[in-house]
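Peer 1: Sequence:
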Amino acid sequence: MASRSRRLATLLLSGGGISGGSDRIARTAGALLSRRMISSASSSAAVADDEESGGIYGLGGVLKEYEDYRRSLYGEFTHRALLVDAVGTLLVPAQPTAQIYKNIGEKYGVEYSEAEILTRYRRAYQKPWGQSHLRYVNDARPFWQYIVSASTGCSDSQYFEELYDYFTTEQAWKLCDPEAEKVFKAIKEAGVKVAIVSNFDTRLRPLLRALRCEEWFDAVAVSAEVEAEKPNPTIFLKACELLGVNPEDAVHVGDDRRNDLWGARDAGCDAWLWGSEVTSFKQVAQRIGVKV
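Residues in the sequence shown are numbered consecutively from 263, following our numbering.
Check before you lean on any hint, since a few could be wrong.
Said to hold, decoys possible - Have a look at the derived ranges for each label pair, beta carbon to beta carbon:
1. 419 <-> 355: 16 to 26 angstroms
2. 361 <-> 403: 21 to 31 angstroms
3. 327 <-> 373: 53 to 63 angstroms
4. 437 <-> 412: 25 to 35 angstroms
Stated by the list, open to error - Computed list of lysine to aspartate or glutamate pairs in EDC-like fashion (alpha-carbon distance at most 20 angstroms, straight line):
5. 436 <-> 477
6. 389 <-> 373
7. 544 <-> 439
8. 544 <-> 477
9. 544 <-> 517
10. 369 <-> 423
11. 553 <-> 439
12. 369 <-> 427
13. 553 <-> 451
14. 447 <-> 427
15. 450 <-> 476
16. 444 <-> 477
17. 447 <-> 487
18. 544 <-> 423
19. 326 <-> 539
20. 544 <-> 329
21. 544 <-> 441
22. 544 <-> 338
23. 450 <-> 423
24. 450 <-> 477
Hint data in this document are derived by calculation from the structure and do not stem from the laboratory. C-beta: ideal position from N, C-alpha, C; glycine also.
Using the sequences and the hints given, assemble the complete structure.
Peer 2: Given below as C-alpha coordinates:
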(Lines of atoms letter the chains of each structure in order from A and count residues from 1; the text may use other names and numbers.)
(Lines give C-alpha, C1' and ligand atoms only; values in the text may rest on other atoms or scores of the structure.)
Protein backbone atom coordinates (compact mmCIF):
# COMPACT_ATOMS: atom_id res chain seq x y z
CA MET A 1 0.00 0.00 0.00
CA ALA A 2 2.82 2.40 0.92
CA SER A 3 4.59 1.94 -2.41
CA ARG A 4 1.31 2.39 -4.27
CA SER A 5 0.62 5.57 -2.33
CA ARG A 6 4.11 6.90 -3.09
CA ARG A 7 3.58 6.30 -6.81
CA LEU A 8 0.27 8.14 -6.73
CA ALA A 9 1.77 10.99 -4.72
CA THR A 10 4.58 11.31 -7.28
CA LEU A 11 2.07 11.46 -10.13
CA LEU A 12 -0.08 14.02 -8.35
CA LEU A 13 2.81 16.23 -7.36
CA SER A 14 4.10 16.17 -10.94
CA GLY A 15 0.67 17.10 -12.30
CA GLY A 16 0.17 13.79 -14.11
CA GLY A 17 -2.03 11.87 -11.70
CA ILE A 18 -5.69 12.34 -10.95
CA SER A 19 -5.66 15.59 -12.88
CA GLY A 20 -3.10 16.88 -15.32
CA GLY A 21 -4.83 20.28 -15.30
CA SER A 22 -4.58 22.97 -12.69
CA ASP A 23 -1.20 22.85 -10.96
CA ARG A 24 -2.68 24.03 -7.68
CA ILE A 25 -5.21 21.17 -7.73
CA ALA A 26 -2.52 18.59 -8.46
CA ARG A 27 -0.19 19.99 -5.79
CA THR A 28 -2.95 20.10 -3.19
CA ALA A 29 -4.12 16.56 -3.96
CA GLY A 30 -0.54 15.38 -3.72
CA ALA A 31 -0.12 17.10 -0.38
CA LEU A 32 -3.29 15.47 0.91
CA LEU A 33 -1.98 12.07 -0.12
CA SER A 34 1.42 12.75 1.48
CA ARG A 35 -0.28 13.53 4.79
CA ARG A 36 -2.21 10.27 4.52
CA MET A 37 1.04 8.38 3.95
CA ILE A 38 2.59 9.87 7.06
CA SER A 39 -0.52 9.09 9.12
CA SER A 40 -0.77 5.52 7.85
CA ALA A 41 2.91 4.85 8.55
CA SER A 42 2.26 5.42 12.25
CA SER A 43 0.03 2.36 12.50
CA SER A 44 0.73 -0.93 10.76
CA ALA A 45 -2.66 -2.20 11.86
CA ALA A 46 -4.35 0.74 10.17
CA VAL A 47 -2.42 0.05 7.00
CA ALA A 48 -3.50 -3.59 7.05
CA ASP A 49 -7.12 -2.59 7.57
CA ASP A 50 -6.80 -0.04 4.81
CA GLU A 51 -5.67 -2.64 2.27
CA GLU A 52 -8.87 -4.56 2.91
CA SER A 53 -11.36 -1.72 3.15
CA GLY A 54 -9.93 1.33 1.37
CA GLY A 55 -10.85 3.24 4.51
CA ILE A 56 -9.69 6.54 5.91
CA TYR A 57 -6.02 5.85 5.28
CA GLY A 58 -6.60 4.49 1.78
CA LEU A 59 -6.68 5.90 -1.71
CA GLY A 60 -10.49 5.94 -1.59
CA GLY A 61 -10.32 8.41 1.28
CA VAL A 62 -7.76 10.53 -0.56
CA LEU A 63 -9.86 10.60 -3.71
CA LYS A 64 -12.89 11.69 -1.72
CA GLU A 65 -10.87 14.44 -0.08
CA TYR A 66 -9.58 15.47 -3.52
CA GLU A 67 -13.14 15.68 -4.85
CA ASP A 68 -14.21 17.65 -1.78
CA TYR A 69 -11.36 20.03 -2.51
CA ARG A 70 -12.59 20.52 -6.07
CA ARG A 71 -16.06 21.30 -4.74
CA SER A 72 -14.51 23.94 -2.50
CA LEU A 73 -13.21 25.57 -5.68
CA TYR A 74 -16.19 25.12 -7.98
CA GLY A 75 -19.13 24.94 -5.60
CA GLU A 76 -21.66 22.12 -5.74
CA PHE A 77 -19.92 20.11 -8.48
CA THR A 78 -16.38 18.84 -8.96
CA HIS A 79 -16.39 19.82 -12.66
CA ARG A 80 -18.24 22.27 -14.88
CA ALA A 81 -18.09 20.10 -17.98
CA LEU A 82 -18.13 16.42 -18.92
CA LEU A 83 -16.36 15.13 -22.04
CA VAL A 84 -17.34 11.66 -23.25
CA ASP A 85 -15.67 9.24 -25.66
CA ALA A 86 -17.99 7.71 -28.27
CA VAL A 87 -17.03 4.17 -29.34
CA GLY A 88 -16.35 1.91 -26.37
CA THR A 89 -17.84 4.31 -23.83
CA LEU A 90 -21.10 5.79 -25.11
CA LEU A 91 -21.79 3.13 -27.74
CA VAL A 92 -20.47 -0.15 -29.15
CA PRO A 93 -21.24 -2.20 -32.28
CA ALA A 94 -24.44 -4.21 -31.85
CA GLN A 95 -22.62 -7.25 -33.25
CA PRO A 96 -18.91 -8.11 -33.41
CA THR A 97 -17.31 -6.21 -36.30
CA ALA A 98 -15.77 -9.37 -37.79
CA GLN A 99 -19.20 -11.02 -37.80
CA ILE A 100 -20.71 -8.11 -39.71
CA TYR A 101 -17.83 -8.09 -42.19
CA LYS A 102 -18.37 -11.82 -42.83
CA ASN A 103 -22.17 -11.79 -42.97
CA ILE A 104 -22.36 -8.94 -45.46
CA GLY A 105 -19.27 -10.14 -47.33
CA GLU A 106 -20.47 -13.67 -48.06
CA LYS A 107 -22.49 -12.54 -51.08
CA TYR A 108 -19.36 -10.77 -52.38
CA GLY A 109 -17.17 -13.86 -52.10
CA VAL A 110 -15.58 -13.31 -48.68
CA GLU A 111 -14.44 -16.72 -47.44
CA TYR A 112 -12.39 -15.91 -44.35
CA SER A 113 -13.73 -17.05 -40.98
CA GLU A 114 -14.66 -14.49 -38.34
CA ALA A 115 -11.48 -15.35 -36.43
CA GLU A 116 -9.34 -14.72 -39.54
CA ILE A 117 -11.12 -11.47 -40.29
CA LEU A 118 -10.60 -10.28 -36.71
CA THR A 119 -6.89 -11.11 -36.78
CA ARG A 120 -6.40 -9.35 -40.11
CA TYR A 121 -8.51 -6.38 -38.94
CA ARG A 122 -6.40 -5.88 -35.82
CA ARG A 123 -3.19 -6.18 -37.80
CA ALA A 124 -4.35 -3.64 -40.40
CA TYR A 125 -5.75 -1.24 -37.81
CA GLN A 126 -2.48 -1.13 -35.88
CA LYS A 127 -0.35 -0.22 -38.89
CA PRO A 128 0.65 3.45 -39.33
CA TRP A 129 -1.66 5.30 -41.69
CA GLY A 130 0.00 7.78 -44.04
CA GLN A 131 2.40 10.57 -43.24
CA SER A 132 -0.21 12.65 -41.41
CA HIS A 133 -1.27 9.74 -39.16
CA LEU A 134 -4.83 11.07 -39.46
CA ARG A 135 -7.10 8.17 -40.31
CA TYR A 136 -10.44 9.93 -40.10
CA VAL A 137 -10.16 12.73 -42.65
CA ASN A 138 -13.61 13.92 -43.77
CA ASP A 139 -15.62 10.74 -44.48
CA ALA A 140 -12.48 8.58 -44.00
CA ARG A 141 -13.38 6.42 -47.00
CA PRO A 142 -9.75 5.76 -48.08
CA PHE A 143 -8.86 4.52 -44.60
CA TRP A 144 -11.92 2.29 -44.26
CA GLN A 145 -11.49 0.91 -47.78
CA TYR A 146 -8.00 -0.17 -46.76
CA ILE A 147 -9.26 -1.73 -43.50
CA VAL A 148 -12.08 -3.66 -45.21
CA SER A 149 -9.87 -4.92 -48.01
CA ALA A 150 -7.05 -5.92 -45.66
CA SER A 151 -9.47 -7.65 -43.26
CA THR A 152 -11.48 -9.63 -45.79
CA GLY A 153 -9.35 -9.85 -48.94
CA CYS A 154 -12.26 -8.31 -50.85
CA SER A 155 -11.89 -5.01 -52.72
CA ASP A 156 -15.35 -4.96 -54.27
CA SER A 157 -16.58 -1.34 -54.15
CA GLN A 158 -20.22 -2.38 -53.70
CA TYR A 159 -19.26 -4.50 -50.69
CA PHE A 160 -17.40 -1.59 -49.15
CA GLU A 161 -20.27 0.85 -49.71
CA GLU A 162 -22.79 -1.53 -48.15
CA LEU A 163 -20.57 -1.97 -45.08
CA TYR A 164 -19.82 1.74 -44.86
CA ASP A 165 -23.50 2.68 -45.00
CA TYR A 166 -24.49 -0.02 -42.52
CA PHE A 167 -22.28 1.48 -39.82
CA THR A 168 -24.18 4.76 -40.11
CA THR A 169 -27.46 3.13 -39.07
CA GLU A 170 -28.92 2.59 -35.62
CA GLN A 171 -29.04 -1.17 -36.30
CA ALA A 172 -25.24 -1.29 -36.24
CA TRP A 173 -24.78 0.22 -32.76
CA LYS A 174 -26.11 0.04 -29.22
CA LEU A 175 -25.64 2.20 -26.14
CA CYS A 176 -23.22 0.89 -23.50
CA ASP A 177 -25.40 2.12 -20.65
CA PRO A 178 -29.20 1.68 -20.89
CA GLU A 179 -29.67 4.53 -18.38
CA ALA A 180 -27.59 6.97 -20.42
CA GLU A 181 -30.49 9.14 -21.57
CA LYS A 182 -31.83 9.74 -18.05
CA VAL A 183 -28.37 10.48 -16.68
CA PHE A 184 -27.29 12.89 -19.43
CA LYS A 185 -30.53 14.81 -19.11
CA ALA A 186 -29.95 15.14 -15.36
CA ILE A 187 -26.38 16.31 -15.93
CA LYS A 188 -27.47 18.97 -18.41
CA GLU A 189 -30.36 20.12 -16.21
CA ALA A 190 -27.86 20.56 -13.37
CA GLY A 191 -25.95 23.03 -15.54
CA VAL A 192 -22.94 20.82 -16.29
CA LYS A 193 -22.03 21.07 -19.97
CA VAL A 194 -21.49 17.89 -21.99
CA ALA A 195 -19.53 17.15 -25.17
CA ILE A 196 -18.56 14.13 -27.24
CA VAL A 197 -14.82 13.81 -27.96
CA SER A 198 -14.25 11.09 -30.52
CA ASN A 199 -11.82 9.73 -33.08
CA PHE A 200 -14.43 9.25 -35.79
CA ASP A 201 -15.26 10.37 -39.31
CA THR A 202 -18.10 12.63 -40.43
CA ARG A 203 -20.67 9.85 -39.96
CA LEU A 204 -20.69 10.48 -36.20
CA ARG A 205 -23.24 13.30 -36.23
CA PRO A 206 -25.83 11.45 -38.38
CA LEU A 207 -25.21 8.36 -36.25
CA LEU A 208 -25.97 10.29 -33.05
CA ARG A 209 -29.17 11.53 -34.69
CA ALA A 210 -30.09 7.98 -35.74
CA LEU A 211 -29.60 6.80 -32.15
CA ARG A 212 -31.69 9.76 -30.93
CA CYS A 213 -29.01 10.96 -28.54
CA GLU A 214 -27.68 14.05 -30.33
CA GLU A 215 -29.61 16.37 -27.99
CA TRP A 216 -27.85 14.95 -24.95
CA PHE A 217 -24.73 16.91 -25.87
CA ASP A 218 -23.94 20.61 -26.05
CA ALA A 219 -21.06 20.06 -28.48
CA VAL A 220 -19.34 17.40 -30.58
CA ALA A 221 -15.57 17.40 -31.16
CA VAL A 222 -14.92 14.77 -33.82
CA SER A 223 -11.41 14.19 -35.15
CA ALA A 224 -12.50 14.35 -38.79
CA GLU A 225 -13.55 17.97 -38.25
CA VAL A 226 -10.93 19.06 -35.72
CA GLU A 227 -8.14 17.43 -37.81
CA ALA A 228 -6.55 15.99 -34.69
CA GLU A 229 -6.97 12.54 -33.17
CA LYS A 230 -6.75 11.50 -29.55
CA PRO A 231 -4.38 11.39 -27.70
CA ASN A 232 -3.48 14.72 -29.34
CA PRO A 233 -4.61 17.29 -26.73
CA THR A 234 -5.89 19.57 -29.50
CA ILE A 235 -9.19 17.73 -29.76
CA PHE A 236 -9.82 18.03 -26.01
CA LEU A 237 -8.96 21.72 -26.06
CA LYS A 238 -11.38 22.19 -28.97
CA ALA A 239 -14.15 20.50 -26.99
CA CYS A 240 -13.50 22.82 -24.04
CA GLU A 241 -13.52 25.81 -26.37
CA LEU A 242 -16.87 24.73 -27.84
CA LEU A 243 -18.31 24.42 -24.32
CA GLY A 244 -16.78 27.69 -23.14
CA VAL A 245 -14.86 26.16 -20.22
CA ASN A 246 -11.22 25.93 -19.19
CA PRO A 247 -9.57 22.48 -19.48
CA GLU A 248 -9.15 22.19 -15.71
CA ASP A 249 -12.91 22.65 -15.35
CA ALA A 250 -13.63 19.48 -17.37
CA VAL A 251 -13.42 15.74 -16.79
CA HIS A 252 -13.16 13.29 -19.69
CA VAL A 253 -14.49 9.72 -19.55
CA GLY A 254 -13.21 7.12 -22.01
CA ASP A 255 -12.21 3.48 -22.26
CA ASP A 256 -8.70 3.82 -23.70
CA ARG A 257 -5.86 4.59 -21.31
CA ARG A 258 -3.58 6.13 -23.95
CA ASN A 259 -6.12 8.01 -26.07
CA ASP A 260 -8.53 9.06 -23.35
CA LEU A 261 -6.68 9.31 -20.03
CA TRP A 262 -3.27 10.43 -21.22
CA GLY A 263 -4.65 12.63 -23.98
CA ALA A 264 -7.12 14.40 -21.72
CA ARG A 265 -4.54 14.95 -18.98
CA ASP A 266 -2.05 16.33 -21.48
CA ALA A 267 -4.72 18.88 -22.40
CA GLY A 268 -5.13 19.83 -18.72
CA CYS A 269 -8.42 18.01 -18.12
CA ASP A 270 -9.24 15.55 -15.38
CA ALA A 271 -9.93 12.00 -16.68
CA TRP A 272 -11.61 8.78 -15.52
CA LEU A 273 -11.23 5.38 -17.16
CA TRP A 274 -14.50 3.84 -18.28
CA GLY A 275 -14.85 0.22 -17.23
CA SER A 276 -12.66 0.46 -14.13
CA GLU A 277 -12.73 3.87 -12.44
CA VAL A 278 -16.35 4.38 -13.52
CA THR A 279 -18.69 1.71 -14.86
CA SER A 280 -21.91 3.63 -15.51
CA PHE A 281 -22.93 7.17 -16.36
CA LYS A 282 -24.90 7.32 -13.11
CA GLN A 283 -21.62 6.77 -11.30
CA VAL A 284 -20.02 9.51 -13.42
CA ALA A 285 -22.81 11.89 -12.45
CA GLN A 286 -22.50 11.00 -8.77
CA ARG A 287 -18.75 11.63 -8.79
CA ILE A 288 -19.36 15.04 -10.33
CA GLY A 289 -22.01 15.71 -7.70
CA VAL A 290 -25.14 15.49 -9.86
CA LYS A 291 -28.11 13.65 -8.39
CA VAL A 292 -29.94 11.31 -10.78
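Peer 1: Of the numbered hints stated previously, which ones are contradicted by the structure, given in increasing order?
Peer 2: 6, 14, 17, 18 and 23
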